[in-house]
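Here are the chains, one letter per residue:
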Amino acid sequence: MSVLTKQTTYESVGTPAGQLLSDGWIATRRNLIKIKRVPEILVFTILQPIMFVLLFSQVYGGAMNVSDYTNFLMAGIFAQTVIFGSTFSGAAMAQDLKDGIIDRFRTLPMSPAAVLIGRTNGDLVINSISMLIMMGTGWIVGWRVTTSVWGFLGGVAILLLFSYSFSWVMALLGMSVRSPEVINNASFMILFPLTFISNAFVPIHTMPEVLKNIAEWNPVSALVESARQLFGNTNPDFPEPTAWTLQNPFITILIGIVLMLLIFVPLCIRKFESISSR
Amino acid sequence: MTIIEARGLKKIYKSKSGPVHALDGLDLLVPQGTVKALLGPNGAGKTTVVKVLTTLIQPTEGTAFVDGIDVLANPRAARRIIGASGQYAAVDENLTGFENLEMVGRLYHLGAKTARRRAQELIDQFELTEAGNRPVKGFSGGMRRRIDLAGALVINPKILFLDEPTTGLDPRSRLALWEIIKNLVSDGTTLLLTTQYLEEADHLADDIAVIDGGKVIAEGTSDQLKARIGGHRVVVALVDEADAGAASEILARHGEGEARVSDDRRSVEVAVTEGPRALQYILADLGQAGVGLHDAGMRRPTLDDVFLKLTGHTAENEQDAENSEMEKAK
Numbered sequence: 007m008s009v010l011t012k013q014t015t016y017e018s019v020g021t022p023a024g025q026l027l028s029d030g031w032i033a034t035r036r037n038l039i040k041i042k043r044v045p046e047i048l049v050f051t052i053l054q055p056i057m058f059v060l061l062f063s064q065v066y067g068g069a070m071n072v073s074d075y076t077n078f079l080m081a082g083i084f085a086q087t088v089i090f091g092s093t094f095s096g097a098a099m100a101q102d103l104k105d106g107i108i109d110r111f112r113t114l115p116m117s118p119a120a121v122l123i124g125r126t127n128g129d130l131v132i133n134s135i136s137m138l139i140m141m142g143t144g145w146i147v148g149w150r151v152t153t154s155v156w157g158f159l160g161g162v163a164i165l166l167l168f169s170y171s172f173s174w175v176m177a178l179l180g181m182s183v184r185s186p187e188v189i190n191n192a193s194f195m196i197l198f199p200l201t202f203i204s205n206a207f208v209p210i211h212t213m214p215e216v217l218k219n220i221a222e223w224n225p226v227s228a229l230v231e232s233a234r235q236l237f238g239n240t241n242p243d244f245p246e247p248t249a250w251t252l253q254n255p256f257i258t259i260l261i262g263i264v265l266m267l268l269i270f271v272p273l274c275i276r277k278f279e280s281i282s283s284r
Numbered sequence: 005m006t007i008i009e010a011r012g013l014k015k016i017y018k019s020k021s022g023p024v025h026a027l028d029g030l031d032l033l034v035p036q037g038t039v040k041a042l043l044g045p046n047g048a049g050k051t052t053v054v055k056v057l058t059t060l061i062q063p064t065e066g067t068a069f070v071d072g073i074d075v076l077a078n079p080r081a082a083r084r085i086i087g088a089s090g091q092y093a094a095v096d097e098n099l100t101g102f103e104n105l106e107m108v109g110r111l112y113h114l115g116a117k118t119a120r121r122r123a124q125e126l127i128d129q130f131e132l133t134e135a136g137n138r139p140v141k142g143f144s145g146g147m148r149r150r151i152d153l154a155g156a157l158v159i160n161p162k163i164l165f166l167d168e169p170t171t172g173l174d175p176r177s178r179l180a181l182w183e184i185i186k187n188l189v190s191d192g193t194t195l196l197l198t199t200q201y202l203e204e205a206d207h208l209a210d211d212i213a214v215i216d217g218g219k220v221i222a223e224g225t226s227d228q229l230k231a232r233i234g235g236h237r238v239v240v241a242l243v244d245e246a247d248a249g250a251a252s253e254i255l256a257r258h259g260e261g262e263a264r265v266s267d268d269r270r271s272v273e274v275a276v277t278e279g280p281r282a283l284q285y286i287l288a289d290l291g292q293a294g295v296g297l298h299d300a301g302m303r304r305p306t307l308d309d310v311f312l313k314l315t316g317h318t319a320e321n322e323q324d325a326e327n328s329e330m331e332k333a334k
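From first to last, the protein sequence lines stand for chains A and B.
Quick note: the first sequence uses our numbering, first residue 7, plus one each step.
Quick note: the second sequence uses our numbering, first residue 5, plus one each step.
What the hints contain is simulated information worked out from the structure, not anything from laboratory work.
Please read these numbers as outputs of a predicted model, since none were measured by experiment.
Misleading hints may appear alongside valid ones.
Unchecked claim - Below are the DSSO-like pairs computed for lysine-lysine, each with C-alpha atoms no more than 27 Å apart in a straight line:
| hint | chain 1 | residue 1 | chain 2 | residue 2 |
| --- | --- | --- | --- | --- |
| 1 | B | Lys-18 | A | Lys-277 |
| 2 | A | Lys-104 | B | Lys-313 |
| 3 | B | Lys-14 | A | Lys-104 |
| 4 | B | Lys-117 | A | Lys-40 |
| 5 | B | Lys-117 | A | Lys-277 |
| 6 | A | Lys-42 | B | Lys-18 |
| 7 | B | Lys-141 | B | Lys-14 |
| 8 | B | Lys-141 | A | Lys-40 |
| 9 | B | Lys-141 | B | Lys-117 |
| 10 | B | Lys-230 | A | Lys-104 |
| 11 | A | Lys-42 | B | Lys-313 |
| 12 | B | Lys-18 | B | Lys-141 |
| 13 | B | Lys-117 | A | Lys-104 |
| 14 | B | Lys-117 | A | Lys-42 |
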């Protein structure tokens, strides 16, 4: 016990913003270590995108009476994969709550947003890896960006940005459910309709009227349309979209991203400040 | 000087069967540098008190101060001087023991170098040196608990809260943890701990608050509490359980209050004022009545007796009942 001095003194990190960055980074590092130590995460992150790209392009591709389905498809696969990648935040928050480590964090004088920042950053890293893998696999099966480097980077950025803000939605869900299992089931119930009733895999004009309306206003459609345009992968065989949201996909999706962040970041922080295990 | 002060704490949860009063006007004062144990069965409100004092939940009513800081108004200032370890080892499974402690240090804003140094000190102090660089995932329950406790000690907190620190540990790990806790408080840390183990409170605490139904129902040193239910107790073990009725009548005649018959009706006991003499009379009367005995003797009252006396039910029984209720609810 001789090494212990009474009440270790503090080296103040400084401004609240500096402290937030520092705390956020420490919480992020925790999740990066997890990616490194739990091989299942990485295997899932790498194999799932490869599987989806190959399945859709090779299995459906032939049946789709469309020239160049692979190019049309890729933006949809990107969107679906990064949105599913965002569910890690929900499951992880629910697990942390169950394990009691949230209680530990909440008794520390850290920024209340730090754990959430660390968590959503973790998703961003996973999704970035997924994107790289998908792009590689896509390239092999014939996907080509026909615009410019800027179009390419813009498309990647908008997909990751959307998935990042969606991570906050899932994090709130994760803090609100009773167990991590619930979140897995719930996210499938939400994510399958969300990604499938959209223009991700098929052109909207082929859908029945009701679904068509839903798909037009589905933010995922605007996301996919944006990415498609930025990559230069729109298919000239399909009619021009008639809905405002898809005629102006960039504005729509940027509004969507900003709204999600404005609503869910404060909600998440407020929720975090009131939760405790069991 | 009082360093932990809670007054009139109420916590009311809504549930389907009406409001639940987890805390029902609880007052608590802990002088600096002492160890206070909150003793009570599951559901008595122990954990809720600790959660209020460690800024985890807001009470419905009441005030709480640690070292003069208003916990409810200024939780972040309170967090700078407390260390807390909950009922379930709150550690990150994927990090090593060292990484867990370093992370906690960083989040206390100790700075990178100090956090690392402190993590290493604690690893050594808690004899986790070999395990310190392996992910916690592979640790035993006792080792996890030690890492978690070490996490609560990263800043050498002025005030330490331990919620059921040894629940679920095997007897050896429990003894080891007791030793660690005793060492800690010997250098002046104020400790508030909760426990369902009467023995644990007896062993570690200067002062015990018995909690039941969200309130403190008795308070004092272990000896004071024991004194409240009289001196010794006479216990006899019967050969034939059919004699239980006759035996309890004879014991009651020479004791204070009613005699208590065990569930298996094999043993009867009663509180007495003058132990040896009461024992003599009891044995003589039992002999005359022809009651056969396996064993007879006196013992000092335990905190279990205190609990029974104060609440009309034993701590263990209620806890079992409640655990099975909880199992059913799951």
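Evaluation of the provided hints:
Simply put, B:Lys-18 and A:Lys-277 have alpha-carbon atoms about 18 Å apart, close enough for the 27 Å limit, and the pair holds. For the hint linking A:Lys-104 to B:Lys-313, the alpha-carbon distance of about 37 Å lies beyond 27 Å, and the restraint is violated. A distance of roughly 25 Å separates the Cα atoms of B:Lys-14 and A:Lys-104; the hinted pair therefore holds under the 27 Å criterion. As the CA atoms of B:Lys-117 and A:Lys-40 are separated by approximately 23 Å, the hinted pair is consistent with the 27 Å bound.
Between B:Lys-117 and A:Lys-277, the direct Cα distance comes to roughly 33 Å. Violation of the 27 Å bound is thereby established for this hinted pair. The suggested pairing of A:Lys-42 with B:Lys-18 is violated, with an alpha-carbon distance near 42 Å, which exceeds 27 Å. For the suggested pair B:Lys-141 and B:Lys-14, the alpha carbons sit about 38 Å apart, so the restraint of at most 27 Å is broken. For the hint linking B:Lys-141 to A:Lys-40, the alpha-carbon distance of about 12 Å falls within 27 Å, and the restraint holds.
For the hint pairing B:Lys-141 with B:Lys-117, the CA-to-CA distance comes to about 26 Å; that is within 27 Å, so the pair holds. Using a Cα cut-off of 27 Å, the hinted pair B:Lys-230 and A:Lys-104 is violated, with the two alpha carbons roughly 39 Å apart. For the given pair, A:Lys-42 sits about 56 Å from B:Lys-313 by alpha-carbon distance, which is inconsistent with the 27 Å threshold. In summary, the hint linking B:Lys-18 to B:Lys-141 is not supported, as the alpha carbons are separated by about 36 Å, beyond the 27 Å threshold.
Note on B:Lys-117 and A:Lys-104: the hinted pairing is violated, with a Cα-Cα distance of about 31 Å set against a maximum of 27 Å. With a C-alpha separation of about 24 Å, the suggested pair B:Lys-117 and A:Lys-42 falls inside the 27 Å cut-off, and the hint holds.
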